[in-house]
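First to last, the sequence lines map onto chains F and R. Per this note's numbering, the very first residue in the first sequence carries number 1; after that it's consecutive. Per this note's numbering, the very first residue in the second sequence carries number 1001; after that it's consecutive.
Source of the hints: derived by calculation from the structure; they are not laboratory data. Since this is a predicted model, take the numbers as computed values, not measurements. Where hints are given, some of them may not hold.
[Said to hold, decoys possible] A few chain R residues facing chain F, derived, Cβ under 10 Å: (1) Val1198; (2) Leu1237; (3) Ser1238; (4) Gly1245; (5) Met1271; (6) Asp1277; (7) Gln1297; (8) Gly1347; (9) Asn1351; (10) Arg1352; (11) Gly1392; (12) Val1434; (13) Pro1436; (14) Ser1437; (15) Gly1441; (16) Asn1444.
[Claimed, not checked] List time: in silico DSS-like cross-link candidates among lysine-lysine, alpha-carbon distance up to 25 Å: (17) Lys1388(R) - Lys52(F); (18) Lys1139(R) - Lys1246(R); (19) Lys1178(R) - Lys1214(R); (20) Lys10(F) - Lys52(F); (21) Lys1246(R) - Lys10(F); (22) Lys1139(R) - Lys1388(R).
Heads up, the beta-carbon is just placed ideally off N, CA and C, and yes, glycines get one too.
Given next are the chains, with one letter for each unit.
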Amino acid sequence: MAQDLLVVHKDSGAPSLDEAARQLQMPVENLDSSFGVQPIDPRAGDYAVMTKEGADRSDASSQDSFSNPRIDTFGPPE
Amino acid sequence: MVAVPVLFVTSDTPQVIGGARALTMQVAPAHNAPPPVGNIAAHLEQQSGLSSLRLDADYAPVPTSTTAAMQVMTMGAAPNQIGPTAFAVRGTIDDSEIGSAGNIVDANGDPKIFADPRIGVSLTCGSDPPVGNTLDVRKHLGVGRLQNLSMDGSRTAIAIVDNGINLDALRSLGLRPKLDVASSWSPRVGIIAGAAPVGHGTMCAYDALIAAPKATLLDYSVLQSTRAGGLSMSGLLSDAILAYGKLLLLMALAPEERQFHSLVVNNSWGMYSWRWDFPAGHPGRYGDNPLHPFNRQVATLSASGADILFAAGNCGPICPDSRCDRPPVEPIINGANSHPDVITVAGVDTNRSLVGYSSHGPGALYPDKPDISAYTHFLGSEALGTGKADSGTSAACPVLAGVVAALRSQYAFDPALLQRSPSNVKQFILSCAVQPSGPSGWRNDLGHGIVDTNGFAAAHAIA
């Protein structure tokens, strides 16, 4: 299963990976620790996390996750 | 099967002459006169022996000689006087019959079917050799004038979010680049800032230093594909999210804790195809969704004071990259490349002509994209190979990033001064841009025009 990009919220300060996992109701082992918790809009309290490849999210809505598309450089046209 | 345009020569039969006269001179056929060309198409299609030949009924047969032209102009002129090549008509055949078309000959053994190639204005495309060089870019940008105004990138940082910078390569070109290693970053262990293989990121760094030779580079080496068979210049958007997370932390530091007062962020990458994204309507989609985490991060970083630039893309209508959607799916400029808070950069060559691969607007997140054009396809870093152009809108973007950094070296970002906001500085730069022809104002190919620094000496709007 591909990695899911998800958003978590905490009113003051960045959440820890454990806090993010509890909010998402999943084991912290399912979250990609190398990605960690990334600030999206700290003033609004929003941060991004990513699940590990192969993590089971069978109980989660497919509508929760955000696209993580491929990006390429706009160098010499092919 | 693909329909291939062709030209078909045919005899001066009454039908053909009548058809030419009816369409060209808008003369209604006389009673009992031959039918218009639309009804002779079937006859010619049968005559050719090609099952896929379809004639364009709205294209008047063209006389190939003065005699044939007189037959059209003169009522009652005798037909069948000239021969099998008297007139030319156009149509299409399937590409599977191109070979057979070569065997269709007239009584003299001459071919009857010819290619009808596409023609157009000759714009610089990807495989074309470089147009001009770095000196031409410097001249167009007025780098000498900028340096006389002490606009040289001093005390500014340019983050190259790309596949890494090679400092030695830049030094070998006579540059004296500065790199802030502590403020640089890569998601992959073992990647040393400033020591990446020479390539796209080095090209971008070189191009950014053209107008801002004293700027400090930040190496954000994120486009390092680990997918099997992936190009080294690929990545995932999540890598950019990581990079922007670091940049947000950098901008959160107090000014005295940073080595620069202004940050310019160069992004010469994007999402080529809508097929790479979630489907239309999905709430998690990226390309047209301002609520996507990365699009929100861009807004946050801009609000923190960073000037953010994105390349417009290489999906222009004349010679798009092979990775672009075919047929094109609009809007072509998508995701953060179309964000209202960024400067979206199209490409012109040093002849000040739009390059054929530069993406046209509108943008998905903001319609009036691109914002402005800058120079590309010139002989510069040769980081992509000896004699190869710094090209793509990838090169245009850092050329402009350098101009922004040069401006910032005199008009530093200051959160207490509203006139120094990224939005206001962007508007000032756009107001100085010049359209190479036609009226001023925004266009969906060049934006507000080509970057022009003539007005930088009187930057009252951001002073």
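Verify the proposed pairing of Lys1178(R) with Lys1214(R), using a straight-line Cα cut of 25 Å. holds, 7 Å
When the nearest CB of chain F is found for Gln1297(R), is that gap smaller than 10 Å? Status holds, d = 5 Å.
Given a cut of 10 Å on the nearest C-beta pair, is the interface hint for Val1434(R) held or broken against chain F? violated, 24 Å
Using 10 Å as the Cβ threshold, decide whether Val1198(R) counts as touching chain F. Cβ of Val1198(R) sits 13 Å from chain F, so the hint is violated.
For the restraint on Ser1238(R), tell me whether the closest CB of chain F is nearer than 10 Å. holds, 5 Å
Hint check, Pro1436(R) versus chain F [nearest Cβ-Cβ separation less than 10 Å]: Cβ of Pro1436(R) sits 22 Å from chain F, so the hint is violated.
Against the 25 Å threshold, does the CA-CA distance of Lys10(F) and Lys52(F) hold or violate the hint? Holds, at roughly 22 Å.
Do the numbers back the hint for Ser1437(R), that is, is its least Cβ distance to chain F under 10 Å? violated, 24 Å
Double-check Gly1245(R) for me: the hint is only fine if its C-beta lies closer than 10 Å to a C-beta in chain F. holds, 4 Å
Given hint Gly1441(R) near chain F, where the shortest CB pair must fall under 10 Å: Hint violated; Gly1441(R) Cβ to chain F Cβ min 26 Å, cut 10 Å.
Lys1139(R) paired with Lys1388(R) [C-alpha distance capped at 25 Å]: holds, 21 Å
Quick check on the hint: Gly1347(R) CB to chain F CB, less than 10 Å? holds, 9 Å
Going through the hint list in order, the structure does not satisfy hints 1, 9, 10, 12, 13, 14, 15, 16, 17, 18.
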